[in-house]
Amino acid sequence: MKIFGLNKAILLTFSLLSLLTSQAFSQNNFTGNGRASLEIKAVSIPGKSGLVSCHNSLLAECFITLSIMAQSEGFIIIKNTSANPAFNIRALLPADWTNVSQPSICEVLNPGEECSVVLKATGDEPPRPRTTMELKGTNTNSAFFDLEVVA
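Residues -26 to -1, 1 to 125 in mature numbering (1 follows the signal peptide of the UniProt record, and there is no 0) are what the sequence shown spells out, letter by letter.
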């Protein structure tokens, strides 16, 4: 009978470990260390109604043009494709691009949700050529889009 009791204890311990392990994997969705995955879904076209879908945000197919004269805004729609929340998502603009501001970022983006990062042309500085920009959160992968600023 002692052997049977020992088998129950081993089986119970194994079951408990198995349950805890499966919960840990399901919470992280195999992304590890709480990392989140981003995907750019679409960008706006200033001056026109509608959005342009982005088929591969890793290759900078998303393109936004902002106008200094019109003080136009553009936005990027982002989706969290992981099982972890994403934090502080913003465009990483070059320091000398002071004629572009970000009045809106995505502070917390829960799994499966979408949000918009807003970019706005400001100031009187010179136009900027089409440049690939990085979009990133504090715990996310990088996604890319192209941005230019015209007069």
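Hints were generated in silico from the structure; no laboratory data involved. You may find that some hints are simply not true.
Have a look at the derived ranges for each label pair, beta carbon to beta carbon [unchecked claim]:
| hint | residue 1 | residue 2 | range |
| --- | --- | --- | --- |
| 1 | ALA125 | PRO59 | 21 to 29 Å |
| 2 | GLY8 | GLN45 | 21 to 29 Å |
| 3 | GLY86 | ASN7 | 17 to 25 Å |
Here are the simulated DSS-like cross-link-like pairs (lysine-lysine), alpha carbons at most 30 Å apart as the crow flies [said to hold, decoys possible]:
| hint | residue 1 | residue 2 |
| --- | --- | --- |
| 4 | LYS15 | LYS94 |
| 5 | LYS94 | LYS53 |
| 6 | LYS110 | LYS53 |
| 7 | LYS110 | LYS94 |
| 8 | LYS110 | LYS15 |
| 9 | LYS53 | LYS15 |
Quick caveat, the model's predicted, so the values are computed rather than measured. For every residue, glycine included, the Cβ atom is placed at its ideal position computed from N, Cα and C.
Tell me the numbers of any earlier hints that the structure contravenes, in ascending order.
1 and 2
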